[in-house]
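Chains as they are written, first to last, in this note's numbering: chain A, 1 to 224; chain B, 1001 to 1224; chain C, 2001 to 2333; chain D, 3001 to 3333.
It is possible that part of the hints are untrue.
What the hints assert, rightly or not - Facing chain D, a subset of chain A residues (Cβ under 8 Å, in silico):
1) TYR29
2) THR31
3) SER35
4) GLY38
5) ASN45
6) GLY82
7) GLN122
8) GLY125
9) GLU167
10) LYS180
11) LEU186
Hints in this document: simulated from the structure, not taken from any laboratory. All C-beta atoms in this analysis are idealised placements derived from N, C-alpha and C, irrespective of residue type, glycine included.
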Amino acid sequence: MHDGVTVSYDDVLRWIQTFAATMAEQRQYLTRLDSAIGDADHGINMDRGMQAALAKVDGLADGDIGALLKTVGMALVSTVGGAGGPLYGTLFLQMGMATTNKSELGPDDWRAALDAGLQGVQMRGKAEPGDKTMVDALTPARDALSAAVADGASFDEALRRSAAAAEDGMQATIPLVARKGRASYLGERSAGHQDPGATSSYLLLRTAADTWGGAAAPTDKEES
Amino acid sequence: MHDGVTVSYDDVLRWIQTFAATMAEQRQYLTRLDSAIGDADHGINMDRGMQAALAKVDGLADGDIGALLKTVGMALVSTVGGAGGPLYGTLFLQMGMATTNKSELGPDDWRAALDAGLQGVQMRGKAEPGDKTMVDALTPARDALSAAVADGASFDEALRRSAAAAEDGMQATIPLVARKGRASYLGERSAGHQDPGATSSYLLLRTAADTWGGAAAPTDKEES
Amino acid sequence: MKKLINRPEDVVTEELRGIEAAHPDLVRVNYGPNYIVRADAPLQGKVALVSGGGSGHEPMHGGFVGMGMLDAACPGEVFTSPTPDQMLEATKAVDGGAGVLHIVKNYTGDVMNFDMAAELARGEGIDVESVVIDDDVAVQDSLYTAGRRGVGTTVLAEKICGAAAEERRPLAEVAELCRKVNANGRSMGMALTSCTVPAAGAPTFELGDDEMEIGIGIHGEPGRERRKLAPAAEISRELTEPIVSDVPFAEGDEVLAFVNSMGGTPLIELYVVYNELNRLLSERGIRITRNLIGPYITSLEMAGCSITLLKLDDELTRLWDAPVKTPGLRWGA
Amino acid sequence: MKKLINRPEDVVTEELRGIEAAHPDLVRVNYGPNYIVRADAPLQGKVALVSGGGSGHEPMHGGFVGMGMLDAACPGEVFTSPTPDQMLEATKAVDGGAGVLHIVKNYTGDVMNFDMAAELARGEGIDVESVVIDDDVAVQDSLYTAGRRGVGTTVLAEKICGAAAEERRPLAEVAELCRKVNANGRSMGMALTSCTVPAAGAPTFELGDDEMEIGIGIHGEPGRERRKLAPAAEISRELTEPIVSDVPFAEGDEVLAFVNSMGGTPLIELYVVYNELNRLLSERGIRITRNLIGPYITSLEMAGCSITLLKLDDELTRLWDAPVKTPGLRWGA
Ligand SMILES: Nc1ncnc2c1ncn2[C@@H]1O[C@H](COP(=O)(O)OP(=O)(O)O)[C@@H](O)[C@H]1O
Ligand SMILES: Nc1ncnc2c1ncn2[C@@H]1O[C@H](COP(=O)(O)OP(=O)(O)O)[C@@H](O)[C@H]1O
Ligand SMILES: [Mg+2]
Ligand SMILES: [Mg+2]
Ligand SMILES: [Mg+2]
Ligand SMILES: [Mg+2]
């Protein structure tokens, strides 16, 4: 980050914890979205997975953000199942690979991590933007983040822009006819409903902006 | 009958036809009663049986009331099933035995027929008055008929008194705890509901009073 | 009413046509009067087993016709016991000279119709014995009432007596064995929902979202008691206790445990109940050595389950294990 | 939510404990990761078959573990495909040196998790082949979508390939056979009611009293189209026509007809549908020579049915008839 502000291991841990809390809170909401065009389990799955992830990361204390994210990814892969498990598992595993041995992340590190995660998701799931999946939230988020970094925006600003882009992407899934995942079986009937996975992905980025925005902002002010 | 009024083969046939029509009309009502304390089929069963009986008696034309009633009984036995089949089948079969070779019935013939029918029902089903079954409608009806005949009442009057007694008997089943038939499985929960079989038996006697009262009364008046 | 049927009055006939089309190797179907017989009936010198009852309990009884189980089944209308002429014709069709056993569930209608049929069959010179199954502990037994209903033990009796008949044991012995199964089998059932008789068109009873019926039979009728919905552990205990505290079960016993779906309850839940049952019986020192888990004696689409326990000895175990080949129950063949 | 369960989050574990208690002669159950294996696994020199998927489809897949069918099944949470570590451990537990076939239903989750497991297993030196079943004609096949779902044909593939593996045929052949079954099997399903995922607590969708869903899968999801309720004859036609007009069925063909309950539909209705199906196929000169009728691939307590047709030849017929001994499917043993 141009101004040198970064997020620490503890910040990343707080993000994971906050995301877990968000998944617990939004469990019914996400499951309801999945009822309309899927099989009524997305919130249940994400909640179960993030609870398992919490239990796993509790043991870690070595300050390696990469190891932390990989642990979350492994926990998701081995407890979520469904489409969410491999996809979110891969997202975190790839983010972890991109941040191996790092104890703090600047905006560019975070952009690289998100980019690696998204590429992993697309490699696993073969979804393109417009297929009405989590890719529709992650792609604009990654793009907005890149643009913000290129613009020299503050980390806080970059995080807010990427969360806003994810939100737009999530909302843009509503009119789409699904081409990937379970919703694709509904054909035309899938239109008019917001994709549950895009929604949880938006929440992931919103949580990052809220958690780190709060954390980074004061530091930012102190140093400026 | 003291005044010599009788019912003819055609009157008995009309009674059977009217009873069949009544069972068709009251099919839902009887089935609803059977839903509360039984298995929701009494109206369906009686309707099916009486339709079959109608088809069988159409062929008969020999003026033998006994044969007519036995034909109805056989039709019920072989199409109704359940408790209703053997019980109503036996009722008609025994009434038919008691009226073999008769081409008209006076009040005493009718009393004897009903008595034989009731005895048959009790032999088959082993129910006593108070067990919450059709016996609770048939017994007072038979008794009122006997009393009316002994009193020298007109056939019409005797029929009306027996139907009224059946109605009272039917209503008296409401508070009873069933000891026979399917309703007995409910124990105390069977109290508070009117017995479906007692209801169809009341309708049988009400139909006789209505059909023959109308038929016998004019003759009665003409002759008096 | 949401059912995969055409006209309600045709359900039984069309079901029979389906059975006939599906299992010509195992059974033949007769219409008017309706009955199902083994494809190879009559078997000379073998005691023939005939059962029957209202339809709506599938696979019982028609699905249990075949080698090692029933020789004939008489399906009545839905929840309405069949008529004597069906039973008489079925009896005549399967009699192989060694006599016929009527296995009758204790319902007023079934008992009376089978009585009439047995009288008629004896009149035609066929040796008929009748055994009435009355295993439902939800119903208090008494001389002054219709007595206990016949439920789950019926399935077990048909299997075990079918195996004995296959061994060419004489009528009196097969009938005695049937009485023994009845004496050692006890059942109790519960419902989470009612069911709809096709011709009636509406559910037989209404249950609140948090209610259940305990002590039901198999005809969609309400049970002994309406209760607040409870977890499987509690329901299993409420079904098991009246069974094991009844006559024949004691510590050290080996039993056949039969966890039955009333029709609408899926297998996943039956296994949850079986797990509870297994635990409850272990605590009492009763050992399950055989089991049957699935929808075998049902009440149309009713959700709920029943538990049947049959005390086993070597003879019953051996006969249970013997081969059976029917549309609804099959092993060893 | 009316179910015979305890806590929603314990349903799968308690079901597994029930299966373990009920069938120790046939299967062993492993917990954490959860999988079910044949009691006699691993069988040296035999290709092992592993399948799996979300729970809620019972008896599939756990009920199909045993002689002549699957070597292992991995149950996920309800309607949620299992995880790679379950599949990996199950694969290792049953590998007898002749390789392992993964039979995967075509759902994004199942495919991705099995892919990860296969990669890991190959990394440990196990020869793994995967065959994806995609037989649901309700879903349009396309390169740009997730493709057709895997439904009823899965059961038939597991039985037929299980028999082939029992004959000690090599992995490549068993996998090829599995592809052949998939190429010749087509399915379509419908729902009269929704179902309730235990952890969700409310029905996945709402249907009016006179509505049905046509073209459903097996996860309680809505179908391709909502329609007005229709008689069984019409429903059967609507399911059968898209199947027979698809690739492999023609006049003169012999088929296996599988009429499946979605869980809450009782057998009496399945036979009514079978009767219709038999009529429809006769009209087209297609002959049913084998059949399977019952709840074998279900969606919890959903009411409804699916029809699967598999074009048979001598090889498939012979393998279908071969002995099988599992909790959910058994004959000849
Ligand atoms: N091929 C895919 N690529 C990316 N995301 C996908 C893909 N398939 C499904 N998803 C996402 O997964 C979400 C559903 O996840 P979940 O409900 O946990 O799994 P399942 O569909 O197996 O029940 C969808 O809303 C969608 O965003
Ligand atoms: N043992 C009996 N004696 C006389 N009537 C009986 C007996 N058992 C039952 N019933 C009568 O039969 C009626 C029920 O008939 P129905 O519904 O046709 O037969 P089922 O009970 O077999 O369904 C009861 O309401 C009762 O009046
Ligand atoms: Mg889902
Ligand atoms: Mg009744
Ligand atoms: Mg009845
Ligand atoms: Mg899922």
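Results of checking the hints against the structure:
Checking TYR29 of chain A against chain D: minimum C-beta separation of about 12 Å lies over 8 Å; hint violated. Proximity of THR31 of chain A to chain D holds as hinted, the smallest CB-CB distance being about 5 Å (cut-off 8 Å). Checking SER35 of chain A against chain D: minimum C-beta separation of about 5 Å stays under 8 Å; hint holds. A cut of 8 Å between beta carbons decides the hint on GLY38 of chain A: the least distance to chain D is about 6 Å, and the hint holds.
Restraint check, ASN45 of chain A versus chain D: the minimum CB separation of about 6 Å is within 8 Å; hint holds. Interface hint status for GLY82 of chain A: upheld, as the beta-carbon distance to the closest one in chain D is roughly 4 Å, under 8 Å. A hinted interface residue such as GLN122 of chain A counts as satisfied when its beta carbon comes closer than 8 Å to some beta carbon of chain D; here the least separation is about 12 Å, so the hint is violated. With a cut of 8 Å, the hint placing GLY125 of chain A at the interface with chain D holds, because the nearest CB-to-CB distance is about 7 Å.
For the restraint placing GLU167 of chain A at the interface with chain D, the shortest Cβ-Cβ distance is roughly 24 Å, beyond the 8 Å limit, so the hint is violated. Below 8 Å, beta-carbon pairs count as interface contacts, and LYS180 of chain A has one with chain D at about 5 Å; its hint therefore holds. Hint status for LEU186 of chain A relative to chain D: holds, with the closest Cβ pair at about 7 Å, below 8 Å.
Consistency note: the structure conflicts with the earlier hints numbered 1, 7, 9.
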